[in-house]
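Peer 1: Now for the letters of each chain:
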Amino acid sequence: AQTVTQSQPEMSVQEAETVTLSCTYDTSESDYYLFWYKQPPSRQMILVIRQEAYKQQNATENRFSVNFQKAAKSFSLKISDSQLGDAAMYFCAYRSASSVVEGGSEKLVFGKGTKLTVNP
Amino acid sequence: GAVVSQHPSRVICKSGTSVKIECRSLDFQATTMFWYRQFPKQSLMLMATSNEGSKATYEQGVEKDKFLINHASLTLSTLTVTSAHPEDSSFYICSARRTGTGRYEQYFGPGTRLTVT
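For the record, the sequence lines run as chains A and B.
Everything in the first sequence is counted per my numbering, starting at 147 for the first residue and increasing by one.
Everything in the second sequence is counted per my numbering, starting at 3 for the first residue and increasing by one.
Just to be clear, a hint being listed does not mean it is correct.
[To be verified] Taking lysine to any residue and the SDA-like style, the derived pairs with C-alpha atoms no more than 20 Å apart in a straight line are:
{"#": "1", "chain 1": "A", "residue 1": "261", "chain 2": "A", "residue 2": "188"}
{"#": "2", "chain 1": "A", "residue 1": "261", "chain 2": "B", "residue 2": "43"}
{"#": "3", "chain 1": "B", "residue 1": "43", "chain 2": "A", "residue 2": "158"}
{"#": "4", "chain 1": "B", "residue 1": "16", "chain 2": "B", "residue 2": "78"}
{"#": "5", "chain 1": "A", "residue 1": "261", "chain 2": "B", "residue 2": "42"}
{"#": "6", "chain 1": "A", "residue 1": "201", "chain 2": "A", "residue 2": "174"}
Worth flagging that the hints you see were computed from the coordinates, not collected in a lab.
So that you can see chain A by itself, here it is in the shape it has in the complex (with noise of 0.2 Å):
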């Protein structure tokens, strides 16, 4: 069974400064997804970022960016310029790339999240 662990429960940044939220994932599979989601206080899921474990280059999108390492089953955020609304509990997980009828999942592998906070 494949498992998401996220080491840093808590973490801090300040304002206008970057910040990277470590992941580490282990699976047997080899085509995959990788995810990151933001939880607000609203608890309203948002995903920040994905990556397609065939491809090497890293995601990014605009002040947010991963540093996927596939061999080292390592996912990290990175975010820029942090912001205020950028405060929330993050979390990552993993999708089989696989469909059930090919024996894989499409259920959501989730780490425990860690806290961000922003001072500003």
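Using the hints provided, position chain B relative to the given structure of chain A.
Peer 2: Chain B alone, transformed into the frame defined by chain A:
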């Protein structure tokens, strides 16, 4: 596009009663929906995968008879917590996968806070 709603947003019920939570995809069809449970300051735990027109697939340790899931149409899945007890109090979140698009497309509802007294 790709909006998922949940109703109610919060509900309080007495111990022993049943409560139904609805999950709707408002602007797309969803063959598959997922139900998660989240305890305070914890991660999301998948309870079950709901497929339109067929029985739900429950995760290990989730009581099928207690958490009844019905996915009767391509836009609606319901979770009924039967004979609720205080330990069922939690935040329940659904997500929906848009039919016919990339396999990773999953959209989350805003969640339902259940309190059992």
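Peer 1: Hint by hint, say whether it matches the structure.
Peer 2: Outcome of the hint check:
no. : hint            : verdict
1   : 261(A) - 188(A) : holds, 14 Å
2   : 261(A) - 43(B)  : holds, 9 Å
3   : 43(B) - 158(A)  : holds, 17 Å
4   : 16(B) - 78(B)   : violated, 26 Å
5   : 261(A) - 42(B)  : holds, 13 Å
6   : 201(A) - 174(A) : holds, 17 Å
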